[in-house]
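Chains as they are written, first to last, in numbering that gives the first Met the number 0: chain A, 0 to 353; chain B, 0 to 135.
The set of hints was computed from the structure by calculation and includes no laboratory data.
Misleading hints may appear alongside valid ones.
[To be verified] Taking lysine-lysine and the DSS-like style, the derived pairs with C-alpha atoms no more than 25 Å apart in a straight line are: (1) A:Lys320 - A:Lys332; (2) A:Lys342 - A:Lys312; (3) B:Lys51 - A:Lys321; (4) B:Lys32 - B:Lys51; (5) B:Lys32 - A:Lys332; (6) B:Lys69 - A:Lys320; (7) B:Lys69 - A:Lys342; (8) A:Lys106 - B:Lys17; (9) A:Lys247 - A:Lys258; (10) A:Lys321 - B:Lys17; (11) A:Lys312 - A:Lys258; (12) B:Lys32 - A:Lys21; (13) B:Lys17 - A:Lys332.
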Amino acid sequence: MRPERRAGIVGWGTYIPPRRLKAEEIASLWGFAPEVPKGLWIEEKAVAAVDEDAVTMGWYAARSAIRRAGIDPSKIEAVFVGTESKPYAVKPSATIIGDALGVSTRKLATDMEFACRAGGEGIRFGIALVASGQARYALAIGADTAQANPGDVLEFTAASGAAAYIVGPAEEAAAEFEGVVTYVTDTPDFWRREGSRYPGHGEIFTGDPAYFHHIISSVKMLMTELGLGPDDFDYAVFHQPNGKFPLKVGRKLGFPKEKILPGIVTPWLGNTYNGSALIGLAKVLERAEPGQRILVATFGSGAGSDAFSIIVKDSIKERVKKAPTVEELLQSKVYISYGEYAKHRRILYRNVGG
Amino acid sequence: MTSVQRLWRRSREYLSLKAFRCRRCGEVIYPPKRACPYCGSRDLVEITLPRKGRIITYTVINVPIEGFSKPTIIAVAELGGAKVMAQVVEGAEHLVEDAEVEVVLGKVGRTVEGLEYYMPAFRVVSGKDLKEGDTD
Numbered sequence: 000m001r002p003e004r005r006a007g008i009v010g011w012g013t014y015i016p017p018r019r020l021k022a023e024e025i026a027s028l029w030g031f032a033p034e035v036p037k038g039l040w041i042e043e044k045a046v047a048a049v050d051e052d053a054v055t056m057g058w059y060a061a062r063s064a065i066r067r068a069g070i071d072p073s074k075i076e077a078v079f080v081g082t083e084s085k086p087y088a089v090k091p092s093a094t095i096i097g098d099a100l101g102v103s104t105r106k107l108a109t110d111m112e113f114a115c116r117a118g119g120e121g122i123r124f125g126i127a128l129v130a131s132g133q134a135r136y137a138l139a140i141g142a143d144t145a146q147a148n149p150g151d152v153l154e155f156t157a158a159s160g161a162a163a164y165i166v167g168p169a170e171e172a173a174a175e176f177e178g179v180v181t182y183v184t185d186t187p188d189f190w191r192r193e194g195s196r197y198p199g200h201g202e203i204f205t206g207d208p209a210y211f212h213h214i215i216s217s218v219k220m221l222m223t224e225l226g227l228g229p230d231d232f233d234y235a236v237f238h239q240p241n242g243k244f245p246l247k248v249g250r251k252l253g254f255p256k257e258k259i260l261p262g263i264v265t266p267w268l269g270n271t272y273n274g275s276a277l278i279g280l281a282k283v284l285e286r287a288e289p290g291q292r293i294l295v296a297t298f299g300s301g302a303g304s305d306a307f308s309i310i311v312k313d314s315i316k317e318r319v320k321k322a323p324t325v326e327e328l329l330q331s332k333v334y335i336s337y338g339e340y341a342k343h344r345r346i347l348y349r350n351v352g353g
Numbered sequence: 000m001t002s003v004q005r006l007w008r009r010s011r012e013y014l015s016l017k018a019f020r021c022r023r024c025g026e027v028i029y030p031p032k033r034a035c036p037y038c039g040s041r042d043l044v045e046i047t048l049p050r051k052g053r054i055i056t057y058t059v060i061n062v063p064i065e066g067f068s069k070p071t072i073i074a075v076a077e078l079g080g081a082k083v084m085a086q087v088v089e090g091a092e093h094l095v096e097d098a099e100v101e102v103v104l105g106k107v108g109r110t111v112e113g114l115e116y117y118m119p120a121f122r123v124v125s126g127k128d129l130k131e132g133d134t135d
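Based on the provided sequences and hints, a complete structural model is requested.
Next comes the structure, spelled out in C-alpha cells:
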C-alpha cells in the first residue's frame, strides 16, 4: 500500500560488536567439512560481549539514528524493539532504551516478536503512526544476540548486531517510503519454545516453503501494487540468514547480483536476525545517490516478509557522515577464539557459591 | 550490588548525563547533588555533559565480586569539566591515561533480585575511530 501521508527514514544507525569468530574455527571444532561454511558463504560472525545485549546494542544503533536525524529525542513518540533475544521474558526492552535515550514519556513503547522480521514490522508500525498523524517520529529497532545450539549448522551464522530507524515526515526524510506490503502465513520453519535456550529448525524446510516463498510473495505483491519491476530498482536488500540465500532469492525474482551485493553483510557479520536486512539497508543507504530506488524485503520465520520500496532523497549524503557507517563497523574488529565466544555468549555455565 | 529501588530512583539522571555547574565556584557536579560538594553553594544550574571525554585514571580489578566481568575495569574520565566514574565495557586494549572515551549504555550488573542494570559505561576509542567535531 502507498501511505496516505508520506513518511520516510529521517535517521538510521547500526551497531556491530567488534569481536569476530571465524567460521573455519567453528567447522574445525565440530568436525564440519570446510565446504560447509563456504557453501553458506559465511566467513566470520560478530559476537556480543558478555556485558552486551539487545538493549545495549539497540541503544547504540538508536543513538546513531538520532544523530543522523538531527532531532531532539524527546520528540520521538513511539519506540518499537524487534528482537528474539530480549534480556527479560517479562519486562520491556523498549522502556529501557527509551529512557536511556531521553525519549518522551508520552509514547508508545513495546517489544515485538516475529522471529527475524519484528524490526521490519516496527518500521511498518512507525509508518502507520506517522502517516496517520499519530506521531511525528517513531523509532524502530531490530537487535539480537542470536542463539544457536553449539555444533548446529546454525552456529556458523547466529550473530549479534542491531539497526535502528527513525520514521518521520517525508519532507524531513533522507529516504521516502514509496510503498510497503507484508505477506504472512503460518509456516513452522524455525522456533524456540518457552525455557529452551536454543532454537530448533526444520533444516531444508527453512528454504523453499519459508524464506523463498514468503520473500518472493511479498516482493511480487509490492511490485504489482506499485506497477514496478526489477529494472526499476537500483538496489535490492533481502534478509540474510547466510550469504547465499539473498543472491538466490534475488535471482528468482529477476534481480541481477550487482543490485544485491552492495547490501550483503552476512558473510562478514553473520545473521543478526532482526538486524539482518536492516543493517543491509543501512549499508546501501550509505552509498546510495539521491533519486535511486531501493527494494528491501525482511523475513521472519513462522513466517512472514515485509517488502518496502524506498526512494532516496537529496539529504542522504549529509547524514551518512554523522555516525559510524556499516563499512566502518565491519572494519573495526578483533578476532576471538571459540573459547572466548563460549564465555561471552554464556555457553559455558559456572557454578556460583558451591 | 545495589537495590531495585535505588536504581529506579537514580538511573534516569545517571543515563541522561545531567549535571550541575556551581555558579559560585564553577565546578561541575555529576551525578547532581543539592549543594556543591566543593564550596557548599546551592546556586546550581543544570547542564548536560558531553558524551566524549578523556580518561584521568583507571583501575583493573582482577578479582571482582561475583556477577561482574573479569577483569572489571573502572575508570574516571573528564567529561565537560565533570569527573565521571564508570565501568569500561569496550576498548580496554586502548586504555591509557588521557585516552579518549565515549559514554555508552552498559549492562554492568544484576541486583540480587535479578534485575539487570544499565548504566553509563565507557568505550575507549582509538584515535582513528574519532570523527572531527564528534563531541555530542
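Now for the hints, and whether the structure bears them out:
Restraint check: the Cα-Cα separation between lysine 320 (chain A) and lysine 332 (chain A) comes to about 20 Å, which is no more than 25 Å; the hinted pair holds. A threshold of 25 Å between alpha carbons decides the hint, and for lysine 342 (chain A) with lysine 312 (chain A) the separation of about 44 Å lies outside it, so the pair is violated. Taken as a hint, the lysine 51 (chain B) and lysine 321 (chain A) pair is honoured in the structure, with Cα atoms around 15 Å apart against an allowance of 25 Å. Our distance criterion of 25 Å between C-alpha atoms is met by lysine 32 (chain B) and lysine 51 (chain B), whose separation comes to about 22 Å.
The straight-line distance between the Cα atoms of lysine 32 (chain B) and lysine 332 (chain A) is roughly 40 Å, outside the 25 Å bound, and the hint therefore fails. For the suggested pair lysine 69 (chain B) and lysine 320 (chain A), the alpha carbons sit about 35 Å apart, so the restraint of at most 25 Å is broken. For a cut-off of 25 Å, the pair hint linking lysine 69 (chain B) to lysine 342 (chain A) stands: about 11 Å separates their Cα positions. The suggested pairing of lysine 106 (chain A) with lysine 17 (chain B) holds, with an alpha-carbon distance near 22 Å, which does not exceed 25 Å.
Taking the CA atoms of lysine 247 (chain A) and lysine 258 (chain A), the gap is about 13 Å. The hint holds against a cut of 25 Å. This hinted pair checks out: lysine 321 (chain A) and lysine 17 (chain B) have alpha carbons roughly 23 Å apart, not beyond 25 Å. With a CA separation close to 19 Å, the supplied pair lysine 312 (chain A) and lysine 258 (chain A) stays within the 25 Å bound. Under the criterion of a C-alpha separation no larger than 25 Å, the hint pairing lysine 32 (chain B) with lysine 21 (chain A) is inconsistent with the structure, at around 48 Å.
Simply put, lysine 17 (chain B) and lysine 332 (chain A) have alpha-carbon atoms about 32 Å apart, too far for the 25 Å limit, and the pair is violated.
In the structure shown, a violation is registered for the earlier hints numbered 2, 5, 6, 12 and 13, in ascending order.
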